[in-house]
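A.B. asks: Sequence:
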Amino acid sequence: MKLASLKPRHFRWEVEGSVALVTLDRPDRKNPLTFDSYAELRDTFRSLPEAEAVDAVVIPGARQHSCSGGDVHEIIGPLVAMDMKGLLRFTRLTGDLILSIRRCQKPVIAAIDGVCVGAGAAIAMASDLRLGTARAKVAFLFTRVGLAGCDMGACAILPRIVGQGRAAELLFTGRSMGGEEAERWGFFNRLCAPEALQKEAREMAAALASGPTFAHMMTKTELDQEWAMSLEAAIESEAQAQAICMRTADFERAYRAFVAKEKPRFEGN
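Numbering (our numbering), first residue to last: 233 to 501.
Hints listed in this document are in silico derivations from the structure and should not be mistaken for laboratory results.
Computed from a prediction, not measured in an experiment: that's the story for all the values here.
We treat Cβ as the ideally placed atom computed from N, Cα and C, and that holds for glycine.
Incorrect hints may have been included.
Straight-line C-alpha distance at most 25 Å; calculated DSS-like pairs for lysine-lysine [as the list claims (entries may be wrong)]: (1) Lys-431 / Lys-239; (2) Lys-495 / Lys-431; (3) Lys-452 / Lys-431.
Derived CB-CB ranges, DEER-like [as the list claims (entries may be wrong)]: (4) Phe-490 / Phe-322: 45 to 53 Å; (5) Ile-308 / Gly-395: 24 to 32 Å; (6) Asp-268 / Ala-313: 12 to 20 Å; (7) Ala-466 / Gly-309: 38 to 46 Å; (8) Ile-393 / Asp-315: 33 to 41 Å.
Sequences are here, hints too, so could you generate the full structure?
C.D. replies: And the structure:
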């Protein structure tokens, strides 16, 4: 998929400067996902490492909600009648979407307002940064529909964000976590006024996009790879990553700007 000619059918795609906006846009149903939107989102994030014009991504929802999860009529209903092979094909697709967000090599910011549940909560969880509002309601509600809380990587990722005990509570009960609680627990990086949420998310993304984007890519890579490393291996991996960054022109630009008492202008190389 070439991003320059991307015309998605199942979400809204916009590029402002070097920030991409991936907007779930079915506001009449609180922006649910379908089989097709899962696949299209996965393919888009898989393509991002090759997209030189995009340096950061924002995932907002249309109007006053983020995402109500899988569409009850277009996903949940068909799943009830599906055989095991088809079910596994679907659950692997949803997991592939999470992997594609984690591996896209660009900072991803979720802008969370209103309802953000099920798969919507998992997409927010997979993002690098999360801005939310006090009125947001986040829920990993899989157990409330008779499913396990271990969905889309939640048992691996969520404890690393909010801690093991808090993650266990959210995943066992499926209860909603309000915006203030989400900030207090560390799920939200920041609370914003509803009318300022998307503006602040775009500004944060633009600030990251104007920074040393090659170095950001290395940071995101290390954050993921070090999950399975010993401390010794992690320190060595970071030593190698930092040495590579020290060979970039951005590192030299930062040094020369410091000497000249100027603000560095990074170019991502």
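A.B. asks: Hints first: check each against the structure and report whether it holds.
C.D. replies: Hint check:
no., hint, verdict
1, Lys-431 / Lys-239, "holds, 24 Å"
2, Lys-495 / Lys-431, "holds, 24 Å"
3, Lys-452 / Lys-431, "holds, 23 Å"
4, Phe-490 / Phe-322: 45 to 53 Å, "holds, 52 Å"
5, Ile-308 / Gly-395: 24 to 32 Å, "holds, 30 Å"
6, Asp-268 / Ala-313: 12 to 20 Å, "holds, 18 Å"
7, Ala-466 / Gly-309: 38 to 46 Å, "holds, 45 Å"
8, Ile-393 / Asp-315: 33 to 41 Å, "holds, 35 Å"
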